[in-house]
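Visitor: Here is how the chains run, residue by residue.
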Amino acid sequence: MGYSKDQLLARLQELQIEFSQYEHPVVMTVEAQAKYVGNTGAGLSKNLFLKDKKNRFYVVSALADAKVDLKVLSQRLGLGKGGLRMAPEEALGEILQVPLGCVTPFALVNDSAGHVSLLLDQGFKGQDRCLFHPLSNDMTISLNVSELDKFLRSIGRDSSYVDLEANPPVGKDNPPDLADLVPSDSIVLSDPPEKAASLQGPRNDHVISDNKSTEITAKANEPSRKVKNIKEKSVSIVQPSSSFKDVGQFVEEILDKTKALLLSETRVIQITGETIKQHGERLGAVVADGIRERLSSELKADTRLYLNTAYTEGFSVARTMFQNTGAHSQFRCL
Amino acid sequence: MDKKEAEVGALQNVEGKQEEEEQVVNPWEVSAKEGGKIDYDKLIEKFGCQRLNQSLIDRVEHLTSRRAHVFLRRGVFFAHRDFTEILDAYERGEKFYLYTGRGPSSEALHLGHLVPFMFTQYLQEVFKVPLVIQLTDDEKCLWKNLTVEESRRLARENAKDIIACGFDIRRTFIFSDFDYVGGAFYRNMIEVSKRVTCNQIVGIFGFVGEDHIGKYSFPPVQAAPSFPSSFPHLFSGKDNLRCLIPCAIDQDPYFRMTRDVAPRIGYHKPALIESLFFPALQGETGKMSASDPNSAIYVTDSEKEIKNKINKYAFSGGQDSVEKHRQLGANLEVDIPVKYLSFFLEDDAELGHVKEEYGAGRMLTGEVKQRLIEVLTKLVERHRRARAAVTDEMVDAFMAVRPLPNMFN
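Taken in sequence, the protein lines are chains R and W.
Note that UniProt numbering has the first sequence beginning at 1, numbered continuously upward.
Note that UniProt numbering has the second sequence beginning at 1, numbered continuously upward.
Across the chosen pairs, the derived CB separations fall in these ranges:
#: 1; chain 1: W; residue 1: K312; chain 2: R; residue 2: I254; range: 35 to 41 Å
#: 2; chain 1: W; residue 1: C198; chain 2: R; residue 2: G171; range: 50 to 56 Å
#: 3; chain 1: W; residue 1: Q282; chain 2: R; residue 2: V251; range: 41 to 47 Å
#: 4; chain 1: W; residue 1: N199; chain 2: R; residue 2: G171; range: 56 to 62 Å
#: 5; chain 1: W; residue 1: K95; chain 2: R; residue 2: F331; range: 31 to 37 Å
#: 6; chain 1: R; residue 1: Y311; chain 2: W; residue 2: Q54; range: 34 to 40 Å
#: 7; chain 1: R; residue 1: A318; chain 2: W; residue 2: D348; range: 41 to 47 Å
#: 8; chain 1: W; residue 1: V148; chain 2: R; residue 2: R294; range: 42 to 48 Å
#: 9; chain 1: W; residue 1: E61; chain 2: R; residue 2: S264; range: 27 to 33 Å
#: 10; chain 1: R; residue 1: G171; chain 2: W; residue 2: Q370; range: 50 to 56 Å
Straight line, CA to CA, 30 Å or less: simulated DSS-like cross-link-like pairs of lysine-lysine:
#: 11; chain 1: W; residue 1: K378; chain 2: W; residue 2: K307
#: 12; chain 1: W; residue 1: K304; chain 2: R; residue 2: K5
#: 13; chain 1: W; residue 1: K378; chain 2: W; residue 2: K309
#: 14; chain 1: W; residue 1: K215; chain 2: W; residue 2: K194
#: 15; chain 1: R; residue 1: K35; chain 2: R; residue 2: K125
#: 16; chain 1: R; residue 1: K257; chain 2: W; residue 2: K307
#: 17; chain 1: W; residue 1: K304; chain 2: R; residue 2: K300
#: 18; chain 1: R; residue 1: K125; chain 2: R; residue 2: K245
#: 19; chain 1: R; residue 1: K259; chain 2: W; residue 2: K304
#: 20; chain 1: W; residue 1: K304; chain 2: R; residue 2: K257
#: 21; chain 1: W; residue 1: K304; chain 2: R; residue 2: K150
#: 22; chain 1: W; residue 1: K378; chain 2: W; residue 2: K304
#: 23; chain 1: R; residue 1: K259; chain 2: R; residue 2: K300
#: 24; chain 1: R; residue 1: K257; chain 2: W; residue 2: K378
#: 25; chain 1: R; residue 1: K245; chain 2: W; residue 2: K128
#: 26; chain 1: W; residue 1: K144; chain 2: W; residue 2: K37
#: 27; chain 1: R; residue 1: K259; chain 2: W; residue 2: K307
#: 28; chain 1: W; residue 1: K215; chain 2: W; residue 2: K46
#: 29; chain 1: W; residue 1: K95; chain 2: R; residue 2: K300
#: 30; chain 1: R; residue 1: K245; chain 2: R; residue 2: K257
Keep in mind that the hints were calculated from the coordinates and are not lab data.
Note that CB positions come from ideal geometry on N, CA and C, so glycine has one too.
Go ahead and model the full structure; you've got the sequences and the hints to work with.
Guide: Below is the structure:
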């Protein structure tokens, strides 16, 4: 069963994510939503649920006034022109498990959305706070986008921010810049009349970053199909970590991991009067040692990845400088 | 090749004759005696390598000031040639380099494929030595009838999974045969080729008259990386550098040949440290096969798929009924979940506990499988996460023919 609004809100509180909530009558469009929360000073979002010809799904979440051109987006993802279209209504219920008019990045908390790629509008970063539906149309929550990132990390996702209004050329010499964000797996909805085969997507899993999405207006593309089986993906989808390029994000992830481990470790030891008596002042050390050991190998692996990524960047730069093309003459080495 | 090794080699692969009584272990086929499992003691004896004993493991811990890798502690890497010499030299301050490789025959890697890489990564980390990784795309093109393009593509794809095992890019050179063979490497290949006769090759690998000449000429390609002069951009002037090769024991024939030739060219014999085969889900009678998806856990398997495969296909040593099980306990010798746990469950105490309780019948198969599913899922998730961070550019960087300054620091 999909997460309910209350479950989500409880989860946000557990994660100590800072947000405000606004209740209002059910709204089905951005315009209607704006009537109630448009003057809060926060950036309203529009959210699109899209699919491509190979049954791969995307949530594109953008500032309400951003211009999102699906044709451009489709090309940037490497899907050709016209490769993207609105996902059918059934997919909304089956994959995102939210009602009509309620597409939101938070829907990714559901296991069924495991293969959905998320694209977030870079524009969100420029806002103090942004507005999203928390899995239900009768409420809107407002939070800073870094808090959204925190939530996404907690479900094993990285946040990919994209300049949704950009229109870079895509061609032989310019590979699609968002190709990384195409999911590796397609999702087969039960009984689809069109191409049923789940095709193999490109090998890398990618975080879907922000895409401008327009609110889905409840238009089903195909006549009602009964949803029978979805290729379910449990918990953490692997997203390519941009944290391996970003020091801040890297460190935050380490701290998040440590915190999560601390919380679970203390739960295991059950900090009670007993254990305090047993270990006395050493309780802190005992817990700390346990955490240290658990974290050690994982952090080493992560750091190695960070190192390799940095080295690769240097290598690329050097290669560009010394490639024998016309452009290289502008670079110099002592 | 000394008489004993040649004899052994000949025994191993008598042309065409499938000796039902004997187990078969060579780079292209691994099967146990009918219905049984691989007899590793016999293998060591036949091949003529040594057992890796506890004193060597202790020595490694002492020299590296780190706990030995779980594969050493559990006897996964169980045999060696000249590992003692490597440690002796290391103690004297003489470094060595690591050499391992993969035949990129398929896109799907399973856990068995990861084992040597996981271990090699540990060796690189604790000894702080450089590593060369050979992708034998030419071999797969020759044996598996893949096109050149396809083998090269698979090589690059496999490189990503290999890199995801956590190798240090400052000390690691990955190369594909199709890209790298030539120059000094090729010169060493010729030095090897002229010192191995057709009869010897047939004796070691069992080639027949109908086999194409590509097969005959391939072994020197796998031998050449054992010599530091094959990598002038890395080891120029260091002809005395020793080589240690972590691999599965079915690769031993290549390196028996190499070791025989090495002193005749004036190089150290490469040392080897060899592992058991990772057993297939259905049981110990052979090794995991890329062609049967249910015989193995793949790094691309989802949590659900892992759960399903373990629950459905992992061969259990438990008894048929709960009552019988509580009475007799499980047969740990054939139980696959326990075997897998001994590969991947790091905590010695927990493994010991599981073995005790399960062997006594107090723990049920379901619980053991459940724990295994947790462990494997975590492992696979971690691998996938790391792999997702490997870009094509990173592969280019690992494969660039470049110097590796500080490779010994």
